[in-house]
Amino acid sequence: MHLAYPTVVAALLFSIGVYGVLARRNAILVLMSVELMLNAVNLNLVTFDVWLRDRLHGGQVLTLFTIVIAAAEIGIGLAIVLLVYRNRRMIDVDRLRDLAEDRTDERPVRPARPDAEDGAVRDEEAAR
Amino acid sequence: MTGQEIAFALLGAVAVGSALLVVTTRRLVHAALWLVVSFGALAGGYLVLTAEFVAWVQVLIYVGAIVVLLLFGIMLTRAPIGASAELDSPNRWIAAAVAVATAAVLVTVLVMGFGDERMPLADGGAGSAEELGSAVFRTWVLPFEVLSVLLLASLVGAIVLSRPDVRAKNGDREGER
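Quick note, the sequences are listed as chains Z and C, same order.
Numbering of the first sequence is given in the UniProt record's numbering, commencing with residue 1 and proceeding in unit increments.
Numbering of the second sequence is given in the UniProt record's numbering, commencing with residue 1 and proceeding in unit increments.
Source of the hints: derived by calculation from the structure; they are not laboratory data.
Note that beta-carbon positions come from the ideal geometry of N, C-alpha and C, so glycine has one too.
A couple of the hints might just be wrong.
The calculated label-pair distances, taken between Cβ atoms and stated as ranges, are [claimed, not checked]:
{"id": "1", "chain 1": "C", "residue 1": "S148", "chain 2": "Z", "residue 2": "G58", "range": "12 to 22 Å"}
{"id": "2", "chain 1": "Z", "residue 1": "G58", "chain 2": "C", "residue 2": "I159", "range": "31 to 41 Å"}
{"id": "3", "chain 1": "Z", "residue 1": "D102", "chain 2": "C", "residue 2": "V141", "range": "44 to 54 Å"}
{"id": "4", "chain 1": "Z", "residue 1": "G58", "chain 2": "C", "residue 2": "L76", "range": "32 to 42 Å"}
{"id": "5", "chain 1": "C", "residue 1": "F144", "chain 2": "Z", "residue 2": "R95", "range": "32 to 42 Å"}
Now the stretches of chain Z that chain C is said to cover, found in silico as 3 or more residues with beta-carbon under 8 Å [to be verified]:
{"id": "6", "stretch": "7-19"}
{"id": "7", "stretch": "41-55"}
{"id": "8", "stretch": "83-91"}
Start from the sequences, fold in the hints, and give me the full structure.
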């Protein structure tokens with residue numbers, strides 16, 4: 001098999017993931033796009049493992065490790081998204097502007113709940 | 001064009017097409033379901049590339065666990081079930097330009113660099129569970145154990161983040177993480 005087939009598929013998947021991360025507004029859709037990018041990397045790892053006939057199977061083992069890291073990332077990411085939803089009642093990433101630079105034309109969106117703990121919310125956004 | 005190339009091209013077309021639908025559909029639940037199709041097609045691609053164990057792990061973890069987690073997230077954030085027009089941010093044309101530029105650069109570089117390389121797929125068993133298991137537990141034991149610790153730490157962190165009574169127990173605001 002030509003090496004071009006899997007690598008081109010991986011490149012297209014990666015750029016689709018880039019588009020999703022940049023253009024989507026919902027935080028869960030952004031997480032899905034990150035998964036697409038991780039899958040593109042996995043396809044490349046498997047491809048070059050097979051192409052180089054790696055006797056240690058570094059590429060395929062690293063693919064397994066990446067899948068585990070993706071599972072950990074989605075768990076933490078969803079926990080943070082749910083926490084933001086609990087505090088703000090929305091998870092639109094372009095309306096979470098507490099960490100943005102001060103600009104006169106855009107006021108940061110305040111928490112929807114008046115008694116929401118401000119410091120905790122900021123910490124969560126820093127963790128994103 | 002050999003049979004393997006035709007099979008991989010079809011699976012790759014399915015994977016890329018459903019990935020495009022993931023990032024363009026206006027229904028959140030449909031995006032998660034198209035993600036299943038994309039990951040399934042990629043698992044088929046791994047099978048064509050003789051990486052059998054990776055293919056089954058992909059089906060188990062991605063299709064079985066991660067997409068279910070994403071669907072849970074969609075349901076718990078009370079996302080609209082029907083079509084909603086507000087899923088894309090206003091700068092999506094810039095994002096599309098960036099993505100097309102990334103794809104052009106990557107595809108050009110990869111085709112120029114590896115366009116005429118061929119890889120042999122004849123011998124079976126190179127990516128079987130036996131081979132990968134011996135590779136993991138002979139060569140990659142230490143990263144494997146470190147990864148277990150990472151997974152455990154992330155699970156504990158997710159529980160701490162998502163349980164409301166963990167923070168209610170200690171009153172002060174600073175020590176609630």
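key: C/V141 and Z/D102 - C-beta distance against the hinted 44 to 54 Å   = This hint holds: roughly 50 Å between Cβ atoms.
Would you say the stretch 41-55 of chain Z counts as covered by chain C, given the rule of at least 3 residues with C-beta under 8 Å?
holds (count 8)
- request: Hint says 12 to 22 Å; check whether the CB-CB distance for C/S148 and Z/G58 agrees.
  value: Because 19 Å falls inside the window, the suggested range holds.
Mind checking the hinted window 31 to 41 Å against the Cβ distance between Z/G58 and C/I159? holds, 33 Å
| query | Taking a Cβ-to-Cβ distance below 8 Å as contact, does the stretch 7-19 of chain Z have at least three residues touching chain C? | reply | Answer holds; 12 residues pass the 8 Å Cβ test.
**Report entry** C-beta pair Z/G58, C/L76: status relative to the range 32 to 42 Å that was hinted
**Finding:** Given about 38 Å between the Cβ atoms, the range holds.
Given the range 32 to 42 Å, decide if the beta-carbon distance of C/F144 to Z/R95 lies inside it. holds, 41 Å
Confirm or reject the coverage of the stretch 83-91 of chain Z by chain C under the rule of 3 or more residues with a beta carbon closer than 8 Å to the chain's beta carbons.
holds (count 4)
Hint compliance for this structure: no hint is broken.
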